[in-house]
Amino acid sequence: MGPVTVVDFAHQNEKINENIDKQEEFTEIFLLYYKRVYNYTYYRVNSQEVSEDLTSQIFERIMINLNTYIKEKSKFEVWMFAIARNTINDYFRKQKRYKIISIDSILDLVSKDKGPEDLMINKEKNNKLMNALNVLDAKERNIIAYKFGANLKNTEIAKILNISESNVGVKLHRIMKRLKNEMEKEAK
Amino acid sequence: MKEIKFKKKRENYLEGIDDEFQDLASQLSNMDFSKGSNKNSVLNTTLKNINIEGDNNMKKINKIKKTGIAVASLLIASTLVAQTTFAQVAVNKIIKTISLGHITMVQEEDDELKEVELPDSLKGNVLDKNKNPLEKITKDIYAQGIYTKDGEKIYKIDFKNGTIVTEEQAKQIEEKGKENTLCVSDSSTLNQYTCFDVKLPSYLPNGYTFDRAEFTKDESGNVKDSKYAELYFKNQKTGKEIYMQERFACEDTRAEGGSDDIEKININGVDAILSDGKNIDWEANNTVYNLVGKNIGKDEAIKVAESIK
Numbered sequence: 001m002g003p004v005t006v007v008d009f010a011h012q013n014e015k016i017n018e019n020i021d022k023q024e025e026f027t028e029i030f031l032l033y034y035k036r037v038y039n040y041t042y043y044r045v046n047s048q049e050v051s052e053d054l055t056s057q058i059f060e061r062i063m064i065n066l067n068t069y070i071k072e073k074s075k076f077e078v079w080m081f082a083i084a085r086n087t088i089n090d091y092f093r094k095q096k097r098y099k100i101i102s103i104d105s106i107l108d109l110v111s112k113d114k115g116p117e118d119l120m121i122n123k124e125k126n127n128k129l130m131n132a133l134n135v136l137d138a139k140e141r142n143i144i145a146y147k148f149g150a151n152l153k154n155t156e157i158a159k160i161l162n163i164s165e166s167n168v169g170v171k172l173h174r175i176m177k178r179l180k181n182e183m184e185k186e187a188k
Numbered sequence: 189m190k191e192i193k194f195k196k197k198r199e200n201y202l203e204g205i206d207d208e209f210q211d212l213a214s215q216l217s218n219m220d221f222s223k224g225s226n227k228n229s230v231l232n233t234t235l236k237n238i239n240i241e242g243d244n245n246m247k248k249i250n251k252i253k254k255t256g257i258a259v260a261s262l263l264i265a266s267t268l269v270a271q272t273t274f275a276q277v278a279v280n281k282i283i284k285t286i287s288l289g290h291i292t293m294v295q296e297e298d299d300e301l302k303e304v305e306l307p308d309s310l311k312g313n314v315l316d317k318n319k320n321p322l323e324k325i326t327k328d329i330y331a332q333g334i335y336t337k338d339g340e341k342i343y344k345i346d347f348k349n350g351t352i353v354t355e356e357q358a359k360q361i362e363e364k365g366k367e368n369t370l371c372v373s374d375s376s377t378l379n380q381y382t383c384f385d386v387k388l389p390s391y392l393p394n395g396y397t398f399d400r401a402e403f404t405k406d407e408s409g410n411v412k413d414s415k416y417a418e419l420y421f422k423n424q425k426t427g428k429e430i431y432m433q434e435r436f437a438c439e440d441t442r443a444e445g446g447s448d449d450i451e452k453i454n455i456n457g458v459d460a461i462l463s464d465g466k467n468i469d470w471e472a473n474n475t476v477y478n479l480v481g482k483n484i485g486k487d488e489a490i491k492v493a494e495s496i497k
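Line order of the protein sequences matches chains C and U. Counted the way the numbering used here counts, the first sequence spans residues 1 to 188. Counted the way the numbering used here counts, the second sequence spans residues 189 to 497.
Treat each hint with caution, since some may be false.
Straight line, CA to CA, 20 Å or less: simulated SDA-like cross-link-like pairs of lysine to any residue [as the list claims (entries may be wrong)]: (1) U:Lys236 - C:Glu28; (2) C:Lys180 - U:Ile490; (3) C:Lys159 - C:Glu49; (4) C:Lys180 - U:Leu202; (5) U:Lys425 - U:Asn394; (6) U:Lys223 - C:Glu49; (7) C:Lys22 - U:Lys223; (8) C:Lys35 - U:Ser229; (9) U:Lys466 - U:Lys366; (10) U:Lys415 - C:Phe92; (11) U:Lys284 - U:Lys425; (12) U:Lys236 - C:Leu66; (13) C:Lys153 - U:Asp207; (14) C:Lys22 - U:Lys236; (15) U:Lys359 - C:Asp137; (16) C:Lys180 - U:Gln215; (17) C:Lys22 - U:Asn232; (18) U:Lys412 - C:Glu60; (19) U:Lys482 - U:Lys366; (20) U:Lys227 - C:Phe26; (21) C:Lys153 - U:Phe398; (22) C:Lys177 - U:Ser214; (23) U:Lys223 - C:Phe92; (24) C:Lys139 - U:Thr369; (25) U:Lys466 - U:Glu439; (26) C:Lys177 - U:Lys425; (27) U:Lys366 - C:Lys177.
No lab work stands behind these hints: they were computed from the structure.
All chains should be modelled from the sequences, with the hints used to inform the complete structure.
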């Protein structure tokens with residue numbers, strides 16, 4: 001699975017059959033990146049329903065903002081996964097907001113949402129690895145999601161998070177160590 | 189021999205990962221959650237949403253109508269919820285929609301659903317306060333408290349996957365959430381954290397003072413150029429709070445909410461939405477304001493809102 005995918009945006013400016021073009025272009029981008037965006041999202045929210053919903057929102061934002069993407073400024077993946085990150089962060093934030101209200105109200109009975117908090121509870125029981133992932137906090141999980149879900153290189157992660165590449169390496173080392181320990185603990 | 193081994197290893201070698209963790213890394217990168225997902229439906233949803241992007245209001249309404257059945261009346265929320273969440277819990281018939289710049293509120297027909305049936309997996313596992321097992325839950329039963337077999341009080345039930353969250357667990361979750369929240373009690377420093385001008389009300393009902401602002405930390409644990417500020421004003425005597433959210437008005441913070449009753453009012457010359465007779469949403473100064481007037485009522489809420497200039 002090569003992490004580098006090139007999308008040809010050259011036909012973006014052609015005005016002929018713009019809508020059809022757009023739809024085709026979108027479908028092309030969607031098909032190219034679906035797996036990576038979805039897996040990134042899933043690593044972070046750990047729920048199929050929420051992941052599907054957010055993945056759709058992420059692609060929606062990508063398409064709406066596509067004309068603001070500047071090739072010279074950043075790699076497409078970096079730009080795209082920054083959008084993905086923001087969309088998911090907004091979701092968590094709103095979940096939090098939602099929680100404040102729902103604690104106040106007497107009923108929160110039909111909440112279908114699975115916020116970051118539910119990660120703690122809805123452990124996928126038969127999966128050691130997923131269990132081990134649950135010991136990570138949100139930031140650590142995000143890095144794992146970038147590395148293994150989005151399949152990004154350390155240098156790309158560094159650009160999105162605005163930290164140095166070696167810093168990403170150090171963080172990854174620490175997180176992997178924790179994960180490994182956790183899995184060995186569980187195996188006992 | 190050694191060289192062949194080395195070459196083999198390089199094939200699946202993950203860049204930027206130390207050798208000792210390569211096994212674990214390949215396990216992680218081989219997990220493909222997307223296999224089990226509804227790729228086509230995600231694609232179609234997205235296509236639909238962008239195609240009608242030109243007409244925002246239509247888009248929103250279509251979106252909601254399509255979501256179909258729900259148990260909305262059991263969710264007492266007059267609240268702006270993430271579109272995702274809202275779509276999940278909405279909706280019957282739309283009676284009224286009020287749309288301001290970056291806020292939309294929808295009033296739904298009060299559907300008659302007064303009870304929810306428990307998922308099969310939970311039948312017998314949820315008890316009322318007298319320890320009788322429940323098959324259905326009504327508002328009244330819930331208000332009196334529902335419990336697990338072990339006698340733990342239930343905070344909420346996730347109907348989708350049939351899990352129970354007890355109050356104890358909810359508390360732990362809350363604690364965990366605090367780690368990612370920055371609390372600021374000096375009201376004069378708020379603008380250091382935001383990308384917009386946070387304005388405080390100059391009027392507060394008797395006994396209330398500014399208590400704190402909360403910001404969500406980013407991945408590196410900092411708060412910088414936040415688009416959201418959450419403000420709490422507290423009456424120290426009664427312990428009651430007024431909650432306000434201010435957010436930078438842009439695409440990212442666009443939100444949509446549902447309520448049993450919405451009404452257009454005017455705050456300092458701009459349109460505002462009064463929902464459930466006590467909560468106010470409005471947009472001014474490139475900022476979206478949301479004021480929850482639960483503890484103070486409509487008149488005081490409007491006074492507070494009008495004092496934000």
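Given the hinted pair Lys366 of chain U and Lys177 of chain C, is their Cα-Cα distance within 20 Å? Cα-Cα ~25 Å, so violated.
Within a Cα-Cα threshold of 20 Å, do Lys180 of chain C and Leu202 of chain U meet the stated pairing? 16 Å, holds
Lys466 of chain U and Lys366 of chain U: Cα distance at most 20 Å? 28 Å, violated
Hint consistency between Lys425 of chain U and Asn394 of chain U [alpha-carbon to alpha-carbon, up to 20 Å]: 11 Å, holds
Does Phe26 of chain C lie within 20 Å of Lys227 of chain U when you go C-alpha to C-alpha? 14 Å, holds
Quickly compare the C-alpha distance for Lys180 of chain C and Gln215 of chain U to 20 Å and report which way the hint goes. Given that 20 Å is the threshold and the Cα spacing comes to 12 Å, the pair holds.
If you draw a straight line from the CA of Lys359 of chain U to the CA of Asp137 of chain C, is it 20 Å or shorter? 17 Å, holds
Would the hint linking Lys177 of chain C and Lys425 of chain U be met if the CA-CA limit is 20 Å? With a Cα-Cα distance of about 49 Å, the restraint between Lys177 of chain C and Lys425 of chain U is violated, given a limit of 20 Å.
Distance restraint between Lys22 of chain C and Lys223 of chain U, which requires alpha-carbon spacing of 20 Å or less: This hinted pair is violated, its Cα atoms lying about 26 Å apart.
Agreement of Lys139 of chain C and Thr369 of chain U with the hint, judged by alpha carbon distance not exceeding 20 Å: 13 Å, holds
Would the pair Lys35 of chain C and Ser229 of chain U pass a check requiring their Cα atoms to be no farther apart than 20 Å? It holds: about 14 Å lies between the C-alpha atoms, which stays within 20 Å.
Quickly compare the C-alpha distance for Lys236 of chain U and Leu66 of chain C to 20 Å and report which way the hint goes. OK: Lys236 of chain U and Leu66 of chain C at ~17 Å, within 20 Å.
When held up to the earlier numbered hints, the structure conflicts with 2, 3, 7, 9, 11, 18, 19, 21, 23, 25, 26, 27 and fits the remainder.
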